Structure formats: structure tokens, C-alpha cells
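Participant: Knowing the structure of chain Z, use the given hints to seat chain G on it.
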Amino acid sequence: MVKVRPVMPASRAVSTSEPGGSALAELVFAPLEAHVFLRYLLGAEPPAEVVERYRAANEKLFAEPASAADARLLDYVTRRPWALPMLDAAAAFRRPDSLLRRKLLVGAAVLEATPDFTARFLPQAVSVPRLVLRGALLGLSVAFKLVVGLILLSMVEAGGDER
Amino acid sequence: MSAEVLVVGSGASGVNAAFPLVEAGHRVTLVDFGNTDRTYAPLIPHQPFTEVRQGDARQHRYFLGDQFEGVPFGKIRVGAQLTPPRMHISADTARWMPLDSNTFTPTESLAVGGLAAGWGAGAFPFDAHELEGLPFTHADLAPHYDTVAERVGVSGDRDDLLPFLGDSQAMQPPLDIDSNAEAVLSRYQRKREKLNAAGFFMGKARLAVCSRPHRGRDGHAYRDMEFWADTDRSVYRPQWTLEELKRFPNFRYLDRRFVLSFSERDGGGVSLLARHADTGADERHDAHALVLAAGTLGTARIVLRSLGRYGERVPLVCNPYTYVPMVNLGMLGKAPRDRRHSLTQLEVVYHPKDGVGMHGQLYSYRSLLMFKLLKEAPLPLREGVQVMQLLMPLVNILGIHHEDSPGPGKSVALHRGADGAPDRLEVRYEPAAEEERAQSDGERALLRHFLGLGCVPLKRIRPGHGSSIHYAGTFPMREGGGPLTVDGDCRLHGTRNVYLADGSVFPKLPSKGLTFTMMANADRVGTRLARRLQGGHV
Numbered sequence: 001m002v003k004v005r006p007v008m009p010a011s012r013a014v015s016t017s018e019p020g021g022s023a024l025a026e027l028v029f030a031p032l033e034a035h036v037f038l039r040y041l042l043g044a045e046p047p048a049e050v051v052e053r054y055r056a057a058n059e060k061l062f063a064e065p066a067s068a069a070d071a072r073l074l075d076y077v078t079r080r081p082w083a084l085p086m087l088d089a090a091a092a093f094r095r096p097d098s099l100l101r102r103k104l105l106v107g108a109a110v111l112e113a114t115p116d117f118t119a120r121f122l123p124q125a126v127s128v129p130r131l132v133l134r135g136a137l138l139g140l141s142v143a144f145k146l147v148v149g150l151i152l153l154s155m156v157e158a159g160g161d162e163r
Numbered sequence: 001m002s003a004e005v006l007v008v009g010s011g012a013s014g015v016n017a018a019f020p021l022v023e024a025g026h027r028v029t030l031v032d033f034g035n036t037d038r039t040y041a042p043l044i045p046h047q048p049f050t051e052v053r054q055g056d057a058r059q060h061r062y063f064l065g066d067q068f069e070g071v072p073f074g075k076i077r078v079g080a081q082l083t084p085p086r087m088h089i090s091a092d093t094a095r096w097m098p099l100d101s102n103t104f105t106p107t108e109s110l111a112v113g114g115l116a117a118g119w120g121a122g123a124f125p126f127d128a129h130e131l132e133g134l135p136f137t138h139a140d141l142a143p144h145y146d147t148v149a150e151r152v153g154v155s156g157d158r159d160d161l162l163p164f165l166g167d168s169q170a171m172q173p174p175l176d177i178d179s180n181a182e183a184v185l186s187r188y189q190r191k192r193e194k195l196n197a198a199g200f201f202m203g204k205a206r207l208a209v210c211s212r213p214h215r216g217r218d219g220h221a222y223r224d225m226e227f228w229a230d231t232d233r234s235v236y237r238p239q240w241t242l243e244e245l246k247r248f249p250n251f252r253y254l255d256r257r258f259v260l261s262f263s264e265r266d267g268g269g270v271s272l273l274a275r276h277a278d279t280g281a282d283e284r285h286d287a288h289a290l291v292l293a294a295g296t297l298g299t300a301r302i303v304l305r306s307l308g309r310y311g312e313r314v315p316l317v318c319n320p321y322t323y324v325p326m327v328n329l330g331m332l333g334k335a336p337r338d339r340r341h342s343l344t345q346l347e348v349v350y351h352p353k354d355g356v357g358m359h360g361q362l363y364s365y366r367s368l369l370m371f372k373l374l375k376e377a378p379l380p381l382r383e384g385v386q387v388m389q390l391l392m393p394l395v396n397i398l399g400i401h402h403e404d405s406p407g408p409g410k411s412v413a414l415h416r417g418a419d420g421a422p423d424r425l426e427v428r429y430e431p432a433a434e435e436e437r438a439q440s441d442g443e444r445a446l447l448r449h450f451l452g453l454g455c456v457p458l459k460r461i462r463p464g465h466g467s468s469i470h471y472a473g474t475f476p477m478r479e480g481g482g483p484l485t486v487d488g489d490c491r492l493h494g495t496r497n498v499y500l501a502d503g504s505v506f507p508k509l510p511s512k513g514l515t516f517t518m519m520a521n522a523d524r525v526g527t528r529l530a531r532r533l534q535g536g537h538v
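Chains Z and G are the protein sequences, given in the same order. For the record, in the first sequence the residue sitting at position 58 is 58 according to this note's numbering, with numbers rising by one throughout. For the record, in the second sequence the residue sitting at position 164 is 164 according to this note's numbering, with numbers rising by one throughout.
Chain Z on its own, in the form it takes in the complex (with noise of 0.2 Å):
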């Protein structure tokens, strides 16, 4: 897994549980964030026209500050990119309208409008065993970090986010 360099420094961060902690850390930690949600859905570093987009998206339908329980998700995600497809594998089953998902999804309606990335969001037809065994692998990936983003997930909500 690539280390991500958070663009500000960690000191800087802040606490989702000051009053208005959690406007606050949607400033700070933004331009990490597109990095990391993008990285995890492109598996690349994202080309800053990208990054620009999904920063002007986050800004049109984002402006309400998050939940507190957005935000210590969004902060934990963001501090450790690792996390981040055990969680959305956890947030799509038990919190699908979280703010993370609807981050993740933005990115990917970013990436799916931008013609260097169209082809991965395109209908692609294989043959039936192909099918099969790529549903299998999916499958098999998907099952693995629904059961460590749940765990995961738990802690995070119980306040588990030990800095």
C-alpha cells in the first residue's frame, strides 16, 4: 500500500469533537481527501484536473457541515488510506447514505466524465466462465473487507479512533 502525505500537517488537525470541529475538518483534511478517495478508486495517483473537479463537486453539494459521525469517519479514512475499501465495502451495506459513500460516489462520476477513465465504467462482455470466475474473485474480495470494515466500522463509530 502507497503511503499518502497528508498536504498539511497532522498538528494542524482538528478535533471532530470541538464545537465546530467538524466544518473545520472538512477544510483541512479536503485536499487529502480527494487524493486518497481518488487513489482508491483509480489505483493511481489522480491527474490534478481530477482533483480539481471533485473539489468543485465537494463544494456544490457538500456545503452543510458533516455530522459528527460523517466526520470521524471521514478523519479516520482520510489518516489511514488502508481503511478506506474495508469501510466503504461496510458504509455500502450498513450506511450507504453516509457522507463517505456519497464522497466515493462523486469520485467515481468525476472519473466515469473524464475520457482518459471512461473505458473502466463501460459495459464489457466476457465469456460465461470468465464470468463466473471473476464474480467468484469479487465476491470473495467483497465478503473479506465487508467483515473487516464492519469490525472496523464499529470502532469507529464507538468513538475507537485512538490518535
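Simulated from the structure, these hints should not be mistaken for laboratory data. Don't take every hint at face value.
Examples of chain Z residues toward chain G, derived with CB under 8 Å [unchecked claim]:
no.: 1; residue: Ala-44
no.: 2; residue: Arg-53
no.: 3; residue: Ser-67
no.: 4; residue: Pro-81
no.: 5; residue: Ala-108
no.: 6; residue: Thr-114
no.: 7; residue: Thr-118
no.: 8; residue: Phe-121
no.: 9; residue: Leu-122
no.: 10; residue: Phe-144
no.: 11; residue: Ser-154
Please read these numbers as outputs of a predicted model, since none were measured by experiment. Here a beta-carbon is modelled for each residue, glycine too, at the ideal position from N, C-alpha and C.
Facilitator: Just chain G now, with coordinates in the frame of chain Z:
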């Protein structure tokens, strides 16, 4: 030019009511709010979907929207199929036409072309049984179906659906269906006898789409961009008829006007009160006759306000609607053809002997983009994208329409706005539990037949009351009817020269979409009014 007839609204019924009047030489002014999309339409290339996707660096602007308005969150809602280039269709309605309801979420329009500016183009004539109870017969309406079919351009096949949809000399060859629909149709043809015996009939879609060049429009180019643009103008939009009307010297188009009310003058004629959308100034427009085609709910506001019937409830009907995403096993291992369209591929009429009838439209899924499917899937995004890539060629969507009749829980009333605020329309729509149960049972039976055709239903999605965008029944057509009804000419009871030409006049809705029949009736209303004007009866 002083008008003989004022027509309100440029939607499917407004332009088709105006056309016979203008053709007959009468001076017609069409009054309209007239919103258009000037932002996205010029950006969209005249290219097939896959070429656009791979080549156009500006695609994010029209696919997602400059305000990212094309990225919807929350549950599937009414109008979810409206893409950023189509969102002008419902723009400004909340401000000009406020509506209160806990149970009904309609889509209304102040756009050029009205709701039909984003219509799915299903063209389904009603049969004699479906027109029963109206003060005219199917034979009376038949020539108007033909006239409208020629005017708008209709394509379709003479297949198993012919007994339900009728024939028309004007009908063009059907559009080619895609690989997904081909697989379903070929299974249907193998099991046809058994399915027909169970009341299940399938055929190619009857669409208001030109499959060959017609009246200055191109034949369909199979670019698969129908949700985003009208680049080849093959899909009918009322704007095309409006353009034809504008070429007549006796026609005038007056846009940026919001119609408030009408009154009949003592000496004869009708006076219309409209507010200018930009200046806010109120204006009066006079004519011998008025045709209201502002959409069922828009016309209800104008009529109830004009007659001072605040607080009085009038009936409302609306086709209940359900979507069912399905996996078509017949597509396993097959590569879909790129050349295709995004409109209805196949139609289904289901009339079981011992249950309620329904009408289904089968679509394939591609050009609405994958992220909207990802939103519905409980999968992590990385794997979700890969699963959808594999599933998308197999996915089809069945839209099911049910019939609707008036009931005690279905009505609208207009309430006066407080302190100069606009009047508010209040909608109650609470169908009886047994109606909903019968619909649900019928859907289950229909889906069992689809399972037999290799289509595995994933889930039934009910986007809520109002989602079919087929509204009707507020001022029902009834010979000898009382107040707040219309007669056989669609003249509003108690008026001399006020006619209704939209969905308002249909007392009930069969499971077929209303738009094509509404256009045929609007042509009938315009034709009969033209005769009255010529005979000096107005």
C-alpha cells in the same frame, strides 16, 4: 396581429390543438413561459455515445452538470431520469407553481415543449374499450390519431401488439432493437403461444420517433444519446411542431408569460391575464376563444382561480408506476452491439383473465452512466465498478404502468396564497389499499413471465405517487356534465368559449401512456373549434 384564439402552453397538447386552427387560417397566439436549455445543448457533440465518452473533454459539463446537479443522492425519486440538459424542463416550477402534498410528487414544466420536451416518446392509441364513457367514439378519434401520427412521426411494427395499439397508414418501420432486447424477443417468440394464452403479449415499441427522414427531421441515427440531446431531431418534441407553426403568418408565439386566469367578456370573447416572467408586469390578452393546455395541474390552477373555486376539490388520476431492474440471462457471454438507442426497446401488454391489466416498457441500461447504478448497489466502489461492467450488458429495466380511476383519496384543491404569494395547489393522492394490493399481485405475476423469458428481477422500485408523470381527470369530459366538467368539444361547463385540450379532460387512465391520445384529442379540439369559428358560432 389580434388573435382569434389564444392557446396556453407549448406542450404536446398545446401545439397539436393550435395546428389545425392555424392550418385553417385562424389567427392564433400561443402564450407560454418558454424555458429552454441554452447551457448544455450547444456543448453536446452530434456523435454516438461511446465516441462522446472516449473523446469529449467537456462531457463532465453535460453529464454531471456545472452545479453537479446530475449527481443525485438519496432514494430514487420522481424525475430521476432528468439529466442536466433536460433539467430546464422542471425549472422555475417551485417558484411559480407551488404545490403541497405529503403523498404525491409530480413533475411540472414551464419549458418550451412542456413535459414532452423530455418524453420517452411512447405512442399508444387507446382502444374502443379504453375510450368508453367519453362523449365520442373510437371512430371519431381515429382520423386524429392518423393526423397526429403523420405530424409527429411514429414508428412501429405490425406484430403481436397490433390488436392493442391499432394500425396507422402513417406508421414508419420500427427502430432496430438492441442485442439485449433481441435475446428477450427471441425467447418470447419461442414461448409465444403459452404466453399469449396467459394474456402476455410482446412486440417492438411504438414510438413517436422517425425511423426515416420526415418533415425536415432526420431518421434516427442510433447514437444512444436520447437522455441527453435531440441532435438528430428524430424523437418527437413539441418544439418541432412549434417551429412549423412559427412559419405561418397567422401564428404568433408569446413567451416569458405566466398565465394567471381568464374571464369571459360580456360582449363575447375571452380575456386572459398573464404575468411577464421578467418584468413581473400583468398583461391582458383578448381573443374570441381560449384553449388551455398548460398541463393537468397547471390548467387546474388557471381554471379554479378564474372561477374563484378556491378550496373546492376536483378529482385527479395518475398512472401508478414501478421500475424493475432485471438481469437478462440470455445475454450471458454475448457482446452487445454498440449501435443502439436508449428509448423503449420492447412493449408488453399484460391482460390476465383474472387480474388487472398493465403495460410494460423494456429498456436496456447504458447511457445514463454507471455511477447511478453504483449508488443503488451495496458494494464497495472498486468492486462495484467491476461488477457493473460485467452486469451492464445483462441489465434491462422494466417500467410498469397501471391503470387509474378516480377515488375518494385522489383530488386537488387550490388555496389562495397569503400576502400576495402565489396560490398553492394541494394534492391528496391516497389510493385504496386493495388497489395497491391488486397492482402488486399483478406485478408479481408479470415478473414470473419475465423469469420464464430469462429475465431475473432484482427488485421492484416504486418511486412514489406522481412518478409516471401522467396526470389527468381534473375536469372530466362528460356529456351533460355539471360544473367543473367539459363537454364533448372539451368546452368548460358554464363558459362560452373556453376549451381544455390537455390531460385534464380524461376521467380515467388505462395502463397505457396518455400522451399520444392527448395529442389526438387536442387535434380534435382544435379541428372542431376551427369549424365553429368558420361557422361563426364563436
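Participant: All hints, please: hold or fail.
Facilitator: Quick rundown of the hints versus the structure:
This hint is violated: Ala-44 of chain Z has a C-beta 12 Å from the nearest C-beta of chain G, more than the 8 Å allowed. Annotation: interface hint on Arg-53 of chain Z holds; nearest CB of chain G at approximately 6 Å, less than 8 Å. At a threshold of 8 Å, the smallest CB-CB gap from Ser-67 of chain Z to chain G is about 15 Å, leaving the interface hint violated. Checking Pro-81 of chain Z against chain G: minimum C-beta separation of about 13 Å lies over 8 Å; hint violated.
The beta carbon of Ala-108 of chain Z is positioned within 8 Å of a beta carbon in chain G (closest approach about 5 Å), and the interface hint is therefore held. Taken as an interface hint, Thr-114 of chain Z checks out: its beta carbon lies about 7 Å from the nearest beta carbon of chain G, inside 8 Å. This hint holds: Thr-118 of chain Z has a C-beta 4 Å from the nearest C-beta of chain G, less than the 8 Å allowed. At a threshold of 8 Å, the smallest CB-CB gap from Phe-121 of chain Z to chain G is about 5 Å, leaving the interface hint in force.
Using the Cβ-Cβ criterion of 8 Å, the hint placing Leu-122 of chain Z at the interface with chain G is satisfied: the shortest such distance is roughly 7 Å. With a least beta-carbon distance of about 10 Å to chain G, the hint placing Phe-144 of chain Z at the interface is violated under the 8 Å criterion. Interface hint status for Ser-154 of chain Z: violated, as the beta-carbon distance to the closest one in chain G is roughly 17 Å, over 8 Å.
Hints 1, 3, 4, 10 and 11 from the list above are not met by this structure, while the remaining hints are.
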